[in-house]
Amino acid sequence: MNRRSDAWLAYFMIFPVVAAVLAFVLGPTWDVATLSLTQFVMGQERGFGTLANFRALWADPIFPTVVRNTVIWILGGTLFCVVTGLAVGTFLAIDSKMTTALRALILLPWVLPDVVTAMAWKWMLHGQVGVIGDAFTRTGLTEKPISFLGDPNLVMWMLVVVLVWRKMPLVALILCAAIRSVPAEQIEASRMDGANARQRFRHVILPNIAFSLTAVTVISMIWITAEFTLPWVMTGGGPANASQIMSTYIYQQSFTFFNWGVGSAMSVVNLGFLICVVGLYLYVNRRSWAAGGSK
Amino acid sequence: MKLDLSRRGFLVGTTALAATAALGAGPARAASGKLSVWKFGGTIAEVEAWPAANERFLAANPDVELDYSFFNGQIRRQKILAGFQTNRLADVIIAFGQDIPEFAGFGLIQPLDDIAAPGQIDDWKSRIVPEILGSGVHEGKLYGMPTYVDMASFLAIDMDALAEAGFDRPPSTWSELREYAKAMTKPDRPGIAFPATTAPVDINIFEGIAYANGGRVFDEESGKVLLNEKGVVDALQLYADLIADGSTPAGTSMTETNFRDTAQLFSQHRAAMWIGLSWLNTPWPVPEEPNWEGVPFPRPDAPSGNHPPVAAIMDGSALLMVSSRTKNPEAAMAYIDFWTQNEQLNTWGGSPEIARVPAGKEAWSSPALAEAWPNWVKAYNEGTFFTGAEPMPRFIGVSAVESALATAIQQVVLGQKAPQEALDAANEAAQAQIDLLRG
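Protein sequence lines, in the order shown, are assigned to chains A and B.
Everything in the first sequence is counted per my numbering, starting at 1 for the first residue and increasing by one.
Everything in the second sequence is counted per my numbering, starting at 296 for the first residue and increasing by one.
Worth flagging that the hints you see were computed from the coordinates, not collected in a lab.
Honestly, I wouldn't trust all of these hints.
Distance condition first, Cα-Cα at most 25 angstroms in a straight line; then the derived BS3-like pairs of lysine-lysine [as the list claims (entries may be wrong)]:
1) B:712 / B:374
2) A:144 / B:481
3) B:712 / A:144
Everything numeric in this text was worked out from a predicted model, so none of it was measured.
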């Protein structure tokens, strides 16, 4: 087979994927982008080519709270997910009977449906009937049970904790696999050169897994941005909008208030925010990203 | 007598007569074809009773292919909107009365008057309590056929706790309520609990109190949101006072406890009183129910709002509506007609469902209802049950206003803002949404 027919075969093979991306990613994105420039309320179009939706968004007193909460949700969630995932992944990379069993067990949070997870945590964290608050009180850690999801100062961080519990296992497994693929001779050589455990991790393992680490961070960021079920089922954005994030507010604007134009404008802002954060992260880590990709 | 009639005139005349007869005979003729029905929300008994009734419908209409689906009430707007946009909306939608103005404005549903056979609606009226039928009317047209209503607001009282605190009758005014709640509070059991999440029912419960104080949330004529008027502010002040008195669970706890959960807490002896809708009687699955009684929520000592105080506000959460995109209006109307029959309406006559205010006139003479709700049946028979009752807020943009109100309630419950301050902010936010929606 010559080079020309190889190229045609390659185009033919990737065509379904390209078509699917055009139909299910670019198409809806374009639709949302045009909808954000349209006053579209209660199913009626009231004019295209306007920035009224964006103006309404800036004038909305809740929007700054939503942005702040979204930053905590995405950046806090990603940071804790990746850091704990790296710690757990490093532990799981050790060869032992216990870690072999744990590698399978750790995926349990992934097996549960989102709604079940959200409801279970909601009740465990409840101020009056929750087992966690009750355990704190019984052990003398707190005088009264804490309403983790009813306290505006705690609620966002509790959501992040549940998010990490839910998302971290896959991150840990990916990083565990990356750590286990680090050439044993490199580790052995560094050990012979007198490097201690911390130095081996910092100067041998981390550079080797940089590509996986960057990839898993970007993927986590995208997952967390798109996550809707956990915060919506657990708090509905409350109390007093203290846990209202982009995904829940877009949903509320679009499907509760029937205000699709503003909902779409918020989606565009959300997309722009995600592109900036991911772009910045990739730029900062461009060396490891490029090196890993070329391997 | 000579009849001067041409052949063409004869043909046109007889064809028109035949067509009229055929149209008129619509509901009498057995319906056929596919019929999809979406039901949203309901109590456990209702959710079980509905499919059983569907079997009876199918027995009477063997040519209908019924596709019935039940969904959580909280997702109805999303589900219906998605169905409408994708041309997959069910023929019959069973949803809440408060939804009607927005659904009608959106063009999701059509007036039943436009597709009913002559005399059909009058026939329904003969079996439905008129005040409840009104909950399905919007701009003079019947859009939804109600099967029951819920009323706001009511108070459930643990009678043992009441006697223990030295009282021999339920509280009847707001000041008495504060006094009772304080006296009934123990270190491990608050005197009163009320739900303060963003769930629409929790907001309806508060609206019942505010409307009884002469408050309103919106003026349809001027398009103005009225959340920061005195009637609503003082009602929210009552919530704040109950919390300040130390008679409630912690504010942070109430903002995560919805109407259903608050009822559970009451039935588990974790609160001596709780505020709810008229479905106080709903059987809550707890091992030992308290000795309790349900009464109308205490009245304000002196109503302070600008509008006439209401006795109660009411709305149904199972109104049958016909989608504007139905391809089988005959079967849809046959289904609704079926639900206006006494046999079906008696579902809410105390057996099996005791938690709702029935729409069927005959259901009110059911012995089971008289046993469950003796005072209500007595008032109904005396003609005073619906006196002073009004529909729950219903207008285009109601969700936006109620959402802003929920935020204000939570801010006050959490002690973040005073009622007036919270409601001023809510009013401004809601007005912006209303202006956007109404263009």
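Status of each hint after checking the structure:
A hinted pair counts as satisfied when its Cα atoms are at most 25 angstroms apart, and residue 712 (chain B) with residue 374 (chain B) does not qualify at roughly 35 angstroms. For the hint linking residue 144 (chain A) to residue 481 (chain B), the alpha-carbon distance of about 15 angstroms falls within 25 angstroms, and the restraint holds. Of the supplied pair hints, the one linking residue 712 (chain B) and residue 144 (chain A) holds, its CA atoms being roughly 24 angstroms apart against a limit of 25 angstroms.
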